[in-house]
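S.K.: So the chains spell out like this:
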Amino acid sequence: MDADTIIQTVNLTKRYGKQVAVDDLNLSVKEGEIFGFLGPNGAGKTTTLLMLLGLSQPSEGSASLYGLDPLRKATEVKRLVGYLPENVGFYEDLDAIQSLEYVANLNGINKEEALGKIDKLLELVGLKNDARKKINAFSRGMRQRLGIAEVIIKDPKILFLDEPTLGLDPEGAIWFMDFIASLNRDRKITVLLSSHNLSQVQKISHRVGIMINGKMVADGSMESLAREKFGVGDKEYSLEEIYMEYFQEV
Amino acid sequence: MQGLFVVFRKELCDHFSSYRFVILFGLIAMVSFITSYMAGVHMKENLEALSKTRFSFLMLFSTPGALFSMVQFVSFFGPLIGLVLGFDSINRERAQGTLIKLVSQPIYRDAVINGKFLAGVATISILLVSIVLVISGFGLALVGVVPGIEEIWRLFIYLIISIFYISLWLGVSILFSILFKSIATSSLASVALWIFLSFFVTLGAEVAANAIAPMDRKKETKPEILIKNTRIKERVSLSSPMVLYSKATEIIINPMRKTTGSIVMMMPMEQILSSRFQNPLPLGQSVIIVFPHMTALIAITLICFAISYLVFIKQEIRT
Ligand SMILES: Nc1ncnc2c1ncn2[C@@H]1O[C@H](COP(=O)(O)OP(=O)(O)O)[C@@H](O)[C@H]1O
Ligand SMILES: [Mg+2]
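In the order they appear, the protein sequences are chains A and B.
Under our numbering, the first residue of the first sequence carries the number 63, and numbering increases by one thereafter.
Under our numbering, the first residue of the second sequence carries the number 18, and numbering increases by one thereafter.
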């Protein structure tokens with residue numbers, strides 16, 4: 063283990079009854095990296111993120127973030143990690159500012175500081191003009207912008223983004239990926255980004271891992287993966303074949 | 018603690034700005050108002066004929082006006098307040114995807130459930146206190162009865178018991194909103210349990226009593242059988258929070274009542290009359306009589322909340 067590895071799982075396994083959602087996962091992510099966590103639907107990406115956050119209890123194995131056990135040091139870990147869930151939800155009758163204020167309060171940010179931060183964040187994500195609109199009038203793209211603003215208001219060291227471009231139009235998806243890249247560049251935030259869209263993720267990721275049926279079948283830079291072959295079940299695939307088999311969006 | 022307070026404040030705000038609260042408050046305020054108005058008018062006529070009794074102020078709450086007294090009304094429909102405030106508290110957040118956001122913030126998970134429960138309790142307290150104050154003011158203006166110190170104490174205890182009683186149902190509905198993912202299911206389940214425990218248990222008590230100690234309609238029943246029958250009926254019906262509550266509050270509100278056992282229901286006029294011949298129970302004695310009922314109510318409330326708490330803490334939250 064390198065000194066700058068900050069996210070680590072050891073034989074992490076999650077079973078739901080007989081079904082194995084995450085199978086013996088050994089993952090490590092270095093500080094400052096954008097790690098693309100790829101896999102088709104049902105591969106176990108969300109489950110992995112939940113275990114890393116301490117929201118789901120592993121059946122076997124363990125995880126650590128900055129050396130902290132997410133189950134024992136739940137609040138400390140949640141202070142460090144900003145999590146944007148798949149299909150993030152909002153209190154629909156609040157406006158953008160109220161929603162951000164609530165999250166800021168939950169993070170113990172005092173009122174004045176919060177207001178200053180909210181102002182800057184809304185500017186940053188391009189919601190300045192919609193600040194006083196109720197969230198029930200927000201489009202999917204605006205929701206995702208507000209979602210990421212809520213996540214970074216606590217100044218996290220790590221970001222977990224679960225399928226953040228799902229349902230966005232291409233333009234929105236490009237904006238989002240660029241925004242993540244800029245957060246990583248300017249604020250040195252480590253990013254763990256799950257997606258089933260390989261082409262979007264490969265553009266900004268330093269490293270990607272491919273998960274299929276709960277198993278991490280490949281892990282490395284895009285270029286190195288392109289040259290190798292990986293075992294999935296009984297067969298061997300090249301990255302291109304994996305792509306054709308699992309990641310083609312319908 | 019900080020998380021708890023933030024959740025508490027948000028929930029309280031939500032309650033007070035929700036339509037359902039306004040409707041509930043309006044409904045309950047209206048009914049209690051009318052009931053005590055009727056009681057007031059009734060008393061005014063009678064009080065002029067008779068000499069003033071002690072504790073006439075409390076009769077504002079305990080005299081059946083049109084159909085039922087204020088106290089009876091709360092014991093019947095108070096639980097609805099608790100149910101309405103809690104039945105969707107967790108599963109709505111789950112459905113709209115805000116629960117996962119909440120529990121991924123750096124707060125203890127119990128802050129979420131504690132905050133919600135306490136906000137409900139606070140809402141219930143504010144509602145009850147304001148209604149009691151309105152009725153009291155009304156009594157002062159209409160009947161001209163002024164509460165004595167002891168009456169204020171009795172009202173205070175009545176309020177505390179009522180808050181626990183309604184919070185019990187808040188706890189039940191929060192528990193169901195944790196257990197059931199669907200809001201329709203959780204609301205139905207809590208209403209069903211309420212109806213069962215409030216109305217069917219008393220029926221069931223009768224059935225059980227008659228099965229174990231049957232009373233013959235034609236022949237004279239032996240006194241032992243009658244006593245046994247009554248005793249079983251009382252024991253079984255004590256498993257209903259409504260029975261527990263109404264017995265406790267009747268004693269507290271009406272100093273002339275000296276037992277929680279079933280005695281012939283007295284009419285208000287008889288109450289006034291009997292007060293001349295018997296002395297009211299001192300407050301301390303009333304409290305001692307209902308102490309078991311109060312403890313039972315409080316214990317059920319706390320158990321209910323504790324179960325919700327444990328289930329919620331252990332639960333996996335994915336959305
Ligand atoms: N609560 C649950 N009970 C049973 N199986 C579950 C549960 N949650 C997830 N799973 C299963 O675990 C697997 C992994 O799910 P998930 O982590 O959500 O995949 P992904 O996020 O990669 O699409 C899926 O096959 C899913 O059906
Ligand atoms: Mg997922």
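Check before you lean on any hint, since a few could be wrong.
Unchecked claim - In the DSSO-like style, the derived pairs of lysine-lysine whose C-alpha atoms are separated by at most 30 Å in a straight line are:
1. A/219 with B/245
2. A/80 with A/277
3. A/196 with A/135
4. A/135 with A/291
5. A/182 with A/196
6. A/135 with A/265
7. A/173 with A/291
8. A/265 with A/80
9. B/198 with B/61
10. A/179 with A/250
11. B/331 with A/196
12. A/265 with A/277
13. A/265 with A/291
14. A/80 with B/245
15. A/135 with B/61
16. A/291 with A/277
17. B/239 with A/135
18. B/331 with A/277
19. A/190 with A/179
20. B/198 with A/80
21. A/250 with A/277
Simulated from the structure, these hints should not be mistaken for laboratory data.
S.K.: If a hint holds in the structure, say so; if it does not, say that too.
M.R.: Results for each hint:
1. A/219 with B/245: 71 Å, violated
2. A/80 with A/277: Holds, because 16 Å separates the two Cα atoms, which is no more than 30 Å.
3. A/196 with A/135: Status violated; Cα separation ~35 Å.
4. A/135 with A/291: 39 Å, violated
5. A/182 with A/196: Since the Cα atoms of residue 182 of chain A and residue 196 of chain A sit roughly 19 Å apart, the hinted pair holds (cutoff 30 Å).
6. A/135 with A/265: The hint is violated at about 34 Å.
7. A/173 with A/291: 54 Å, violated
8. A/265 with A/80: Judged against 30 Å, a Cα distance of about 37 Å means the pair is violated.
9. B/198 with B/61: 52 Å, violated
10. A/179 with A/250: 18 Å, holds
11. B/331 with A/196: 34 Å, violated
12. A/265 with A/277: 23 Å, holds
13. A/265 with A/291: Holds: residue 265 of chain A and residue 291 of chain A sit about 21 Å apart, inside 30 Å.
14. A/80 with B/245: Distance of about 55 Å is beyond 30 Å: violated.
15. A/135 with B/61: 66 Å, violated
16. A/291 with A/277: It holds: about 15 Å lies between the C-alpha atoms, which stays within 30 Å.
17. B/239 with A/135: With Cα atoms ~68 Å apart, residue 239 of chain B and residue 135 of chain A exceed 30 Å; violated.
18. B/331 with A/277: Measuring from Cα to Cα gives roughly 26 Å; hence the hint holds.
19. A/190 with A/179: Holds: residue 190 of chain A and residue 179 of chain A sit about 13 Å apart, inside 30 Å.
20. B/198 with A/80: Judged against 30 Å, a Cα distance of about 23 Å means the pair holds.
21. A/250 with A/277: Given that 30 Å is the threshold and the Cα spacing comes to 29 Å, the pair holds.
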